[in-house]
Amino acid sequence: MSNSMNDTTRTATAPVPNNPNPIAKQDAMIEIDDVSFSYDHGQTNVLRNISFDIPAGKVTALIGPSGCGKSTLLRCLNRMNDLVDTSKVTNGQIRIMGQDINASDVDPIELRKQVGMVFQKYNPFPKSIYDNVAYGLRIQGIKNKPKLDEAVERSLRRAALWGEVKDRLGSSALGLSGGQQQRLCIARTIAVSPRIVLMDEPCSALDPIATARIEELIAELREEFTIVIVTHNMQQATRVSDRTAFFYIGELIEYDSTAKIFSNPSVKQTEEYITGRFG
Amino acid sequence: MATHFKRKGKRLLGVGRQDAIRYFFGGNAMVSILVLGAICGFLLREAVLFFPQHQRDLEVFRLTGQEYANFAITEMDEYTEVKSLANQAFYQEMNEAYGIQRGLVDSFGALSGNIYDAGEDLIEELEDARDEVEDAEAEGEKTLAQAELDAIQAKWDIFLRAELEKADRKTIDSFGRLGEAEWQQLLKAMVEWDPVEDEPPALVAAAKAESDEGMATFDTARTTIAAAGSELARLRGELIKVTTAIKDEAVADKSAASRKKAYLDGSLVAETEEERVELRRKSDEITVREEFPYAERIKVLEGSREKHKTAVEAMKVDLKAGVAALPTEFSSPEVTELVSRIRDKAPVLTVYLGESLMESADWRYDEPLSWVYSVSSFFFGKDWVTNSSFHDFYGLLPLFTGSLLISVIALLVAIPFSLGAAIYVNRLAGPAEQTFIKPVIELIGAIPSVVLGFFGIIVLGEALREVSQVPWLSWVPGFPMQERLNILNAGLLLALMAVPTIFTLCEDAINNVPASFSEASLALGGSKFQTVMKVVVPTAISGILAAILLGFGRVIGETMVVLLVAGNQIAIPDFSLGAGVITQPAHTMTGIIAQEMGEVTKDTIHYRALFSVGLVLFTISLLINISARRIIRRFGFSA
Numbered sequence: 002m003s004n005s006m007n008d009t010t011r012t013a014t015a016p017v018p019n020n021p022n023p024i025a026k027q028d029a030m031i032e033i034d035d036v037s038f039s040y041d042h043g044q045t046n047v048l049r050n051i052s053f054d055i056p057a058g059k060v061t062a063l064i065g066p067s068g069c070g071k072s073t074l075l076r077c078l079n080r081m082n083d084l085v086d087t088s089k090v091t092n093g094q095i096r097i098m099g100q101d102i103n104a105s106d107v108d109p110i111e112l113r114k115q116v117g118m119v120f121q122k123y124n125p126f127p128k129s130i131y132d133n134v135a136y137g138l139r140i141q142g143i144k145n146k147p148k149l150d151e152a153v154e155r156s157l158r159r160a161a162l163w164g165e166v167k168d169r170l171g172s173s174a175l176g177l178s179g180g181q182q183q184r185l186c187i188a189r190t191i192a193v194s195p196r197i198v199l200m201d202e203p204c205s206a207l208d209p210i211a212t213a214r215i216e217e218l219i220a221e222l223r224e225e226f227t228i229v230i231v232t233h234n235m236q237q238a239t240r241v242s243d244r245t246a247f248f249y250i251g252e253l254i255e256y257d258s259t260a261k262i263f264s265n266p267s268v269k270q271t272e273e274y275i276t277g278r279f280g
Numbered sequence: 004m005a006t007h008f009k010r011k012g013k014r015l016l017g018v019g020r021q022d023a024i025r026y027f028f029g030g031n032a033m034v035s036i037l038v039l040g041a042i043c044g045f046l047l048r049e050a051v052l053f054f055p056q057h058q059r060d061l062e063v064f065r066l067t068g069q070e071y072a073n074f075a076i077t078e079m080d081e082y083t084e085v086k087s088l089a090n091q092a093f094y095q096e097m098n099e100a101y102g103i104q105r106g107l108v109d110s111f112g113a114l115s116g117n118i119y120d121a122g123e124d125l126i127e128e129l130e131d132a133r134d135e136v137e138d139a140e141a142e143g144e145k146t147l148a149q150a151e152l153d154a155i156q157a158k159w160d161i162f163l164r165a166e167l168e169k170a171d172r173k174t175i176d177s178f179g180r181l182g183e184a185e186w187q188q189l190l191k192a193m194v195e196w197d198p199v200e201d202e203p204p205a206l207v208a209a210a211k212a213e214s215d216e217g218m219a220t221f222d223t224a225r226t227t228i229a230a231a232g233s234e235l236a237r238l239r240g241e242l243i244k245v246t247t248a249i250k251d252e253a254v255a256d257k258s259a260a261s262r263k264k265a266y267l268d269g270s271l272v273a274e275t276e277e278e279r280v281e282l283r284r285k286s287d288e289i290t291v292r293e294e295f296p297y298a299e300r301i302k303v304l305e306g307s308r309e310k311h312k313t314a315v316e317a318m319k320v321d322l323k324a325g326v327a328a329l330p331t332e333f334s335s336p337e338v339t340e341l342v343s344r345i346r347d348k349a350p351v352l353t354v355y356l357g358e359s360l361m362e363s364a365d366w367r368y369d370e371p372l373s374w375v376y377s378v379s380s381f382f383f384g385k386d387w388v389t390n391s392s393f394h395d396f397y398g399l400l401p402l403f404t405g406s407l408l409i410s411v412i413a414l415l416v417a418i419p420f421s422l423g424a425a426i427y428v429n430r431l432a433g434p435a436e437q438t439f440i441k442p443v444i445e446l447i448g449a450i451p452s453v454v455l456g457f458f459g460i461i462v463l464g465e466a467l468r469e470v471s472q473v474p475w476l477s478w479v480p481g482f483p484m485q486e487r488l489n490i491l492n493a494g495l496l497l498a499l500m501a502v503p504t505i506f507t508l509c510e511d512a513i514n515n516v517p518a519s520f521s522e523a524s525l526a527l528g529g530s531k532f533q534t535v536m537k538v539v540v541p542t543a544i545s546g547i548l549a550a551i552l553l554g555f556g557r558v559i560g561e562t563m564v565v566l567l568v569a570g571n572q573i574a575i576p577d578f579s580l581g582a583g584v585i586t587q588p589a590h591t592m593t594g595i596i597a598q599e600m601g602e603v604t605k606d607t608i609h610y611r612a613l614f615s616v617g618l619v620l621f622t623i624s625l626l627i628n629i630s631a632r633r634i635i636r637r638f639g640f641s642a
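Chains as they are written, first to last, in my numbering: chain P, 2 to 280; chain W, 4 to 642.
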């Protein structure tokens with residue numbers, strides 16, 4: 002962390018074709034540096050030499066056709082890929098706040114408290130609404146009831162769900178609608194006050210109205226959190242994100258401001274993808 | 004007539020090939036259902052027929068006055084428990100407080116007995132020789148006889164010394180109460196022992212006096228308690244005798260007509276005149292009565308009520324005096340514990356005696372017997388006694404308690420193991436461990452239960468007993484164990500049998516918890532353990548409950564292991580021992596059927612009683628299975 006903070010004099014990464022407009026190093030929350038990743042002990046890499054920096058306090062969208070590795074990259078950021086025994090970062094470093102997250106002394110549990118995640122399919126626990134939001138705090142050992150109450154209310158308010166559920170906090174979360182369940186999952190994630198929120202296609206299982214509400218929510222949350230969102234939906238990327246990275250078969254094709262990517266991409270493949278010629 | 008799409012193949016009686024196949028498979032299913040139905044029907048019929056038969060049996064029990072005798076029997080049984088506690092406490096205290104003294108007395112007894120047996124002829128000779136010396140004195144021929152006596156006496160002395168030399172301390176003093184010094188003292192004193200007079204040496208006499216004196220108070224109390232029951236015991240014997248005689252007569256009377264006819268028929272076809280007359284005479288001897296004159300026979304009990312009252316009142320008084328006279332200081336906590344149990348039990352017994360006396364005073368031989376009583380005396384009867392010369396009792400309670408205790412212990416042991424193993428295998432173990440552990444645990448189910456029972460008798464029983472005798476474990480309730488075959492042993496083995504069932508079903512239940520739940524928990528910074536305990540297990544809880552229930556069904560129906568290992572004592576275990584109750588032997592519902600069904604006569608009350616036990620067992624299993632299904636259906640989540 003101190004590394005990046007002190008290094009304000011360092012100039013931006015030298016412009017390359019796929020990253021013509023890099024962010025300033027001091028703005029980077031997540032630095033992805035020449036990362037390759039494999040699910041099978043390094044025999045085949047599903048991500049190859051990815052390098053780009055994700056800015057703090059902004060929304061960064063990862064787009065690309067199915068199987069391009071965008072979700073894999075997202076799951077590298079909170080080390081959820083550890084659950085697959087044979088998976089491995091075969092090359093490069095991922096630094097969050099300057100710290101290499103794959104270093105041997107990093108505890109993935111501590112990392113995940115800082116890097117929350119919202120999944121594609123909303124997955125509240127089969128518990129009450131209250132217990133869902135309080136879960137992350139409780140497993141950190143917080144038992145103080147007023148403190149929990151306060152955190153639950155704040156998180157639900159931030160997730161724009163408080164008004165709808167405040168009278169039935171004790172009822173099962175599974176009784177909510179799909180969109181409400183996903184917002185509950187977002188509330189659950191932000192309740193532990195992470196620095197970064199990863200979203201893996203958070204709207205793919207929702208109808209357009211619920212999607213719109215989630216997108217509004219993302220716009221509100223960007224001030225407080227660094228958000229990385231994987232999406233299939235190009236309109237969504239333009240609506241919610243500040244910067245966009247386009248992946249294709251395990252490689253980063255282009256990374257730039259969202260406006261630039263969608264109006265005037267530098268790489269031909271990007272243009273073909275966003276105009277719908279393939280993907 | 005179709006020409007293009009005509010059905011191919013032959014048809015037999017209008018049934019084609021596809022139909023035949025269909026009927027074959029349908030038939031198989033149908034046969035299973037029919038067989039199950041037939042079994043249920045048979046079981047139900049035999050079991051239900053028990054109740055009218057039981058009712059008649061109890062009616063005879065009442066009419067013959069045996070029911071009255073039973074008051075005295077149960078009173079005596081209750082009292083005997085207190086009495087044996089008092090004896091147990093007395094002997095334990097004596098052995099602890101006066102170990103050396105009692106060691107000397109008992110060792111002297113054993114030693115002198117051995118020597119007496121070995122030198123019987125010599126002792127006789129010695130006795131004769133002494134008599135002769137006495138006689139000779141009278142006739143003035145003393146010297147000769149005296150010389151002979153001296154020779155025999157010398158021979159005896161040599162014999163005695165040789166015997167004492169041979170004596171082995173460990174065999175004689177089998178409890179090891181004597182030290183080497185005391186043993187040598189005893190041997191030294193024994194040299195002077197005279198087999199004809201058979202007086203104990205001064206050392207032993209002193210030891211005996213010392214221990215008798217020290218134990219005098221306790222002994223008086225104990226004897227008072229022991230004597231308290233003598234009057235009632237005599238009355239009990241008398242009541243059993245007269246009422247059983249009435250019953251035998253009544254039973255014989257029932258078959259009078261058929262016996263009379265049998266003799267008569269026999270006399271008609273007799274080959275010799277003599278035989279014919281004899282059979283005819285026997286037939287005439289039998290009088291057939293319309294009804295057995297219970298009212299007349301029961302008159303023998305007329306004086307009994309008064310006697311009973313006196314006996315019980317006397318018992319209460321003596322018992323109270325005896326318990327009050329018990330000493331208060333003891334040399335070991337075990338004795339203190341025993342005596343405090345006597346002190347606790349005595350008032351309970353007194354109250355019971357009073358109630359029983361009142362109840363017996365109200366007893367009438369001709370009081371009608373309600374079917375509720377006969378049914379409840381099966382389900383809640385405390386005794387299961389068969390082939391008794393007095394009366395057979397068919398009470399389910401001891402068997403049910405045994406089955407339940409054993410099953411509960413089995414579950415308490417099996418649940419943590421199975422659930423822990425299931426969690427480990429499904430959530431924590433690597434793939435290699437998974438492929439190893441799962442089949443191994445499931446393989447436990449492949450062990451034949453008779454082999455497990457064998458293991459329980461030979462290995463586990465011995466091991467448990469040895470462990471229970473380790474001195475520093477004596478604080479564990481029920482330790483040291485008296486019996487090698489007991490509830491605990493059977494429970495542990497059944498736990499082993501329940502583990503595969505519970506494990507497999509729990510593992511399934513845990514496996515059904517969607518990965519997205521654990522992912523969500525892990526992504527929130529939960530550890531694997533937190534994820535398992537706070538998300539996976541609570542989500543799978545309905546499946547886990549069902550697994551436990553089915554495990555319960557598995558163990559309560561298990562037969563072979565409990566038959567071999569539970570100790571087969573038909574009695575309600577003594578719950579006054581607290582948790583130590585599990586070190587007692589017990590019998591079970593399954594065990595009793597397996598044990599007794601082979602030797603009962605068809606259609607007798609005993610035979611039907613066993614069917615009723617079977618029906619109870621069947622109902623329990625059925626309920627367990629139904630509830631397990633319900634739980635899964637109602638609380639199982641869909642995700």
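Don't read these hints as lab results, they were simulated from the structure.
Warning: the hint list may mix true and false statements.
Lysine to aspartate or glutamate pairs mimicking DMTMM-like chemistry, simulated, CA-CA at most 25 Å apart [unchecked claim]:
| no. | chain 1 | residue 1 | chain 2 | residue 2 |
| --- | --- | --- | --- | --- |
| 1 | P | Lys144 | W | Glu522 |
| 2 | P | Lys89 | W | Asp511 |
| 3 | W | Lys537 | P | Asp150 |
| 4 | W | Lys302 | W | Glu213 |
| 5 | W | Lys531 | P | Asp41 |
| 6 | W | Lys537 | P | Glu225 |
| 7 | W | Lys537 | P | Asp41 |
| 8 | W | Lys285 | W | Asp256 |
| 9 | W | Lys537 | P | Asp86 |
| 10 | W | Lys531 | P | Glu225 |
| 11 | W | Lys173 | P | Asp101 |
| 12 | P | Lys128 | W | Glu522 |
| 13 | P | Lys26 | P | Glu225 |
| 14 | P | Lys89 | W | Asp256 |
| 15 | W | Lys531 | P | Glu217 |
| 16 | W | Lys11 | W | Glu49 |
| 17 | W | Lys537 | P | Glu111 |
| 18 | P | Lys122 | W | Asp256 |
Which earlier hints can't be squared with this structure? Result: hints 2, 4, 6, 7, 10, 11, 14, 15, 16, 18 break, sorted rising.
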